[in-house]
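Enquirer: Based on these hints, arrange chain B on the given structure of chain A.
Chains A and B, in that order, give the protein sequences.
If you use our numbering, the first sequence closes out at 223, no skipped numbers anywhere.
If you use our numbering, the second sequence closes out at 193, no skipped numbers anywhere.
These are calculated hints, taken from the structure and not from any lab test.
Using N, Cα and C, we set each Cβ at its ideal position, and we do this for glycine too.
Certain hints may be false.
Said to hold, decoys possible - In silico SDA-like links for lysine to any residue, alpha-carbon gap of 25 Å or less:
| hint | chain 1 | residue 1 | chain 2 | residue 2 |
| --- | --- | --- | --- | --- |
| 1 | B | 169 | A | 201 |
| 2 | A | 132 | A | 69 |
| 3 | A | 76 | B | 105 |
| 4 | B | 169 | A | 188 |
Unchecked claim - Footprint (simulated), chain A over chain B, 3 or more residues, beta carbon under 8 Å:
| hint | segment |
| --- | --- |
| 5 | 16 to 26 |
| 6 | 78 to 84 |
| 7 | 151 to 164 |
| 8 | 175 to 189 |
Next come the chains, spelled out residue by residue.
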Amino acid sequence: MSTNTPVSTATAPRNMQEFMEGIWERNPVFVMVLGMCPTMAVTVSAINSISMGLATTFVLAASCWLVSLLRHVIPKEVRIATYIVIIATFVTVVDYAIQAISLEMYEALGAYIQLIVANCLVLGRAEAHAAKFPPVAATLNATGMGLGFTLGLTMIGGVREILGNGTLLGISLFGADFQPWVVMVLPPGGFFVMGGWLLLFAIYRERKDRGNAARTAEASHGA
Amino acid sequence: MVHESLGQILVTTILSGNFVLAMFLGMCPFLGVTHSVAVAFPLGLATTFVIAIASISAYLLNLVLGPLHLEFLRLICYIVVIAAAVQLVEMFVKKTSPSLFRALGIYLPLITTNCAVLGVALFQTAREYDFLQSMTFAIGGGAGFTLALTLLASVRERVNLSDVPSVLKGTAMTLMLAGVLSLAFMGFAGIGG
Chain A
1 MSTNTPVSTA
11 TAPRNMQEFM
21 EGIWERNPVF
31 VMVLGMCPTM
41 AVTVSAINSI
51 SMGLATTFVL
61 AASCWLVSLL
71 RHVIPKEVRI
81 ATYIVIIATF
91 VTVVDYAIQA
101 ISLEMYEALG
111 AYIQLIVANC
121 LVLGRAEAHA
131 AKFPPVAATL
141 NATGMGLGFT
151 LGLTMIGGVR
161 EILGNGTLLG
171 ISLFGADFQP
181 WVVMVLPPGG
191 FFVMGGWLLL
201 FAIYRERKDR
211 GNAARTAEAS
221 HGA
Chain B
1 MVHESLGQIL
11 VTTILSGNFV
21 LAMFLGMCPF
31 LGVTHSVAVA
41 FPLGLATTFV
51 IAIASISAYL
61 LNLVLGPLHL
71 EFLRLICYIV
81 VIAAAVQLVE
91 MFVKKTSPSL
101 FRALGIYLPL
111 ITTNCAVLGV
121 ALFQTAREYD
131 FLQSMTFAIG
141 GGAGFTLALT
151 LLASVRERVN
161 LSDVPSVLKG
171 TAMTLMLAGV
181 LSLAFMGFAG
191 IGG
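One chain only, chain B, in its complex shape:
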């Protein structure tokens, strides 16, 4: 896995290995905030930022914990660092755009428990990526997450205008749409290796 080129990692994480549609990371915001593009897109960007910070921190933490033989503390350290990063983003968004802060609501602090953020830290450790590979993985993953969120949000905006059988309304419909999206993304398998 160590020989993957940066381009390969980037294309894979955005398309064929999309965080949401292929690896099922970050399902809660994917199902929760995708009712409109105006909310989904900024949340994707905020998550990308947190993912990048988490990735850098995880890389530095590994440098410290490895030589000290404290690997069993890894998970606890990751989650504390992520919680701190989310707090930072929350303050930043609140300061720069209060309206966006209100629109994101509870989902902003919930980025802490977004599997995508913790997932990046865990997967880059498991795959033994070096610093540049980790960064590419994080940014690609964040971009893929934003892409999936925005796509689903735009499809849902359209579906809201059409006549859906009442039993399918709500989560069931969203899941079916996500399944179709996921099928489409499977078509990218093979690109980027």
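For reference, chain A alone in the conformation it holds in the complex:
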């Protein structure tokens, strides 16, 4: 992907790297553990997760862009309040847009669309990144984080939908005989699936570390 981006300025590869970092290495859901409320509440199915993720991505990218544009204008003392108002504006836009696009989705996500305002991820990005970098870098970083958030949500939502409903994106996977694991689409399922993913990542990381340690030990032994 990075080969397609025009490398007109020296910062372009760095921007691209930051964009990719948000998606995986510093994934907002699994690594930074930010924005947990929507992560747990709306991930009962994959399609809900994707919609919620994309809505958050839009709010994140748009508000980081605006915050970055205004970063020399906003007085330091009232910056948090200003960010919140900017974010709330874009959330209102998204709220009305989703209502216009799909009323069904709007009802499924409910108040959690408006609760994007209170998503720590958005305010965190505005404060920690957008307020310090030029608009292009800020928007790219925010979009990466947003897509990473969408990925995290979809990974949780997908597992919960498969186990709790026997379907993925509404398509039945196991036929009529499947006995759904109902707890997975109820609130406790959110905690268990998220915890399960974190556990898997921790096991993977430990294996990798142990492998690396063994290799270095072997190398030093050989020398």
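Expert: This is chain B only, laid out in the frame that chain A set:
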């Protein structure tokens, strides 16, 4: 939804419809500050206070915005009022108990971005609660939040003393504990309707 009695609302929000364990509101402090009861409990109380103020303000704002047909400004107004309320609580805590102020640290101003506070304002509007119902909803929600925080904090204090596999340490363990707590609270479903 309008016919719910006050008692029903109170019991539901504390137990079966617990803000944290059933509606996933206020997850950040739930996972962040529950390492000790001494911090979790006061934070719960502070949040309850902000939730109550937010609920009253949201009710009054609706009275103003409704007749003026300015519903699209609702979200922005709510969040500004909440930010102001949090500022008030912060000054109050700093004045009355500096040690508590230090213990709560960054999580005190972060009450602004606590979904539970904004959630109360949004849910009471969506369910068309009247003034008394809103207040009950807010206080019940705050009490449920404090209860969940305190419970998880006490469980985590115990777990700290026991032998946990290294891969499970940290957030994964907390989430598993929260899941079990949430399962237990599901048992209350049906009480209070």
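Enquirer: All hints, please: hold or fail.
Expert: Verification of the supplied hints:
For the hint pairing residue 169 of chain B with residue 201 of chain A, the CA-to-CA distance comes to about 12 Å; that is within 25 Å, so the pair holds. For a cut-off of 25 Å, the pair hint linking residue 132 of chain A to residue 69 of chain A stands: about 10 Å separates their Cα positions. Restraint check for residue 76 of chain A and residue 105 of chain B: satisfied, since their Cα atoms lie roughly 20 Å apart, inside the 25 Å limit. Between the alpha carbons of residue 169 of chain B and residue 188 of chain A the distance comes to roughly 19 Å, so the proposed pair stays at or under 25 Å and holds.
Proximity of the segment 16 to 26 of chain B to chain A, defined as three or more residues with a beta carbon under 8 Å from a beta carbon of that chain, is established by the 6 residues found. Three residues within the 8 Å Cβ limit are the bar, and the segment 78 to 84 of chain B against chain A gives 3, so the coverage statement holds. Given a C-beta distance limit of less than 8 Å, the hint that chain A covers the segment 151 to 164 of chain B is violated, as 0 residues qualify and 3 are needed. Given as covered by chain A, the segment 175 to 189 of chain B passes the check, having 8 residues with a CB less than 8 Å from a CB of that chain where 3 are the minimum.
Comparing the model with each numbered hint stated earlier shows that hint 7 is the single one that does not hold.
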